[in-house]
Amino acid sequence: MGDSQYSFSLTTFSPSGKLVQIEHALTAVGSGQTSLGIKASNGVVIATEKKLPSILVDEASVQKIQHLTPNIGVVYSGMGPDFRVLVRKSRKQAEQYNRLYKEPIPVTQLVRETATVMQEFTQSGGVRPFGVSLLVAGYDDKGPQLYQVDPSGSYFSWKASAMGKNVSNAKTFLEKRYTEDMELDDAIHTAILTLKEGFEGEISSKNIEIGKIGADKIFRVLTPAEIDDYLAEVE
Amino acid sequence: MSQSAVDVPAKGGFSYDLCKRNDMLIQKGLKAPSFLKTGTTIVGLIFKDGVILGADTRATEGPIVADKNCEKIHYMAPNIYCCGAGTAADTEAVTDMVSSQLRLHRYQTGRDSRVITALTLLKKHLFSYQGHVSAALVLGGVDITGPHLHTIYPHGSTDTLPFATMGSGSLAAMSVFEAKYKEGLTRDEGIKLVAEAICSGIFNDLGSGSNVDICVITKGNKEYLRNYMEPNPRTYVSSNGYSFTKKTEVLRTKITPLKERVEIIEVTGEAMEE
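Line by line, the protein sequences are chains A and B.
Positions 1 to 235 (the UniProt record's numbering) are the ones given, in order, by the first sequence.
Positions 1 to 274 (the UniProt record's numbering) are the ones given, in order, by the second sequence.
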């Protein structure tokens, strides 16, 4: 296909109008570990698989779900190191916004600025796009919000979404299970069930991570003990 | 390469570019604008379980009291607070900036901020501005290594002390501390001593006045006691307000319009030629 001749350079359109490097970045995301998010009526929950390359890895040192601000958290599918860089940039942008306007950054603004960074890396020389898609969960004056940001820099607000290896099964499951008036605890149960759908092996508090934010506007990553409680309820 | 991909370190320090121009203007007779100083008595002491900071609440602009109840104890981190003396804008801006940097640092490291980190960020900034940022600070907090109390001078030097005072009322407050401070004070004794020191500044120094603010920081807890003591309450002459019984007579009314009203009379005639 004519496309392959244009796939080496990020800043060149292919004849079919695509930027092939971004397609490849999305493929990198699609082969990453599954992550998902659900927006409930009174909060948001995000969750991810935490499959480590070997049992020798100290799993307590790995944290895939990160805070951007006290009331905004983020999870990813794709390349971990790219995620770290984006988290660092986003935290700085949130802090700069806070210093300038003395207001905690609204979720949409932070998502937009992060997406702008990702887009810049699709239109500059000598760089490659980020190989991650982000799920940003936050609670501000406009209520609970869930956004997905792609390597191209486009972002969407979702009621529930999934990314990574198991995306199609997970999304089908979520479409069936999602209701508008779901509460946060129900959403957490649904998230666990969705992860379980495509999980290879035994699901436990050691190989998944869950983060939630409620009306208290404080984003928290659940401790393994809390995850065990939810897993027991789901059984 | 786009600017966001490369992080250039911030250029700091005093820029001397406009000094020549300023000298020229002063020679021509321009009076430089005066700034809002906090006058001030600020103190801190270490007690048995942590740190107590205290400050008065008067902000002066020359001989005038500009703010009767300003806040001089600034938040740096959940476990670190900083009192500021000197130019109000400078203390506000510098503590705000370092507080922001500390928060970013906390996110990156996942740990609570240390007092010495705040100290180093502040002194580096003040030194790079060679004393032109007129902020004299008393920084106190409790972190994983214990309670700490430091003073920072506008040129960037610092001291680590068990009890400290700064500001125009510092001598009055220090006399109280030197007489009555001892190690191992309890919380109530510490608060009483701090309040006494600030009151000494309030009553004996013109640049300090109004109320006493106190902040108690212990391991894992902080109490910001705003207006802990109000030794200078306002006394109003009449609580019912004033009433004027005799109405003022109107003798004459003359209204002068500020803009002239001009009447335009349209003459319907031939249109202007092109």
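Source of the hints: derived by calculation from the structure; they are not laboratory data.
Note that beta-carbon positions come from the ideal geometry of N, C-alpha and C, so glycine has one too.
You may find that some hints are simply not true.
[Stated by the list, open to error] With a Cα cut of at most 27 angstroms, we get these calculated DSS-like pairs of lysine-lysine:
id : chain 1 : residue 1 : chain 2 : residue 2
1  : B       : Lys192    : B       : Lys219
2  : A       : Lys102    : B       : Lys246
3  : B       : Lys192    : A       : Lys92
4  : A       : Lys196    : A       : Lys18
5  : A       : Lys102    : B       : Lys123
6  : A       : Lys171    : A       : Lys50
7  : A       : Lys102    : B       : Lys222
8  : A       : Lys89     : B       : Lys192
9  : B       : Lys222    : A       : Lys217
10 : A       : Lys196    : A       : Lys176
11 : B       : Lys124    : A       : Lys102
12 : A       : Lys142    : A       : Lys89
[What the hints assert, rightly or not] Listing some non-contacts, in silico: residues in chain B with all C-beta distances to chain A over 10 angstroms:
id : residue
13 : Arg21
14 : Asn69
15 : Ser100
16 : Tyr129
17 : Asn232
A quick look at each hint next to the structure:
1. B/Lys192 x B/Lys219: Given pair B/Lys192, B/Lys219 holds - Cα atoms ~20 angstroms apart, limit 27 angstroms.
2. A/Lys102 x B/Lys246: violated, 50 angstroms
3. B/Lys192 x A/Lys92: With a Cα-Cα distance of about 41 angstroms, the restraint between B/Lys192 and A/Lys92 is violated, given a limit of 27 angstroms.
4. A/Lys196 x A/Lys18: violated, 35 angstroms
5. A/Lys102 x B/Lys123: Roughly 24 angstroms between the alpha carbons, so the hint for A/Lys102 and B/Lys123 holds.
6. A/Lys171 x A/Lys50: Holds, at about 19 angstroms.
7. A/Lys102 x B/Lys222: holds, 22 angstroms
8. A/Lys89 x B/Lys192: violated, 46 angstroms
9. B/Lys222 x A/Lys217: This hinted pair holds, its Cα atoms lying about 22 angstroms apart.
10. A/Lys196 x A/Lys176: Satisfied, since the Cα-Cα distance of roughly 15 angstroms is no more than 27 angstroms.
11. B/Lys124 x A/Lys102: Given that 27 angstroms is the threshold and the Cα spacing comes to 24 angstroms, the pair holds.
12. A/Lys142 x A/Lys89: Given pair A/Lys142, A/Lys89 holds - Cα atoms ~24 angstroms apart, limit 27 angstroms.
13. Arg21: Check passes; 29 angstroms lies beyond 10 angstroms.
14. Asn69: holds, 20 angstroms
15. Ser100: violated, 5 angstroms
16. Tyr129: holds, 18 angstroms
17. Asn232: holds, 30 angstroms
When each numbered hint is compared with the structure, violations occur for hints 2, 3, 4, 8 and 15.
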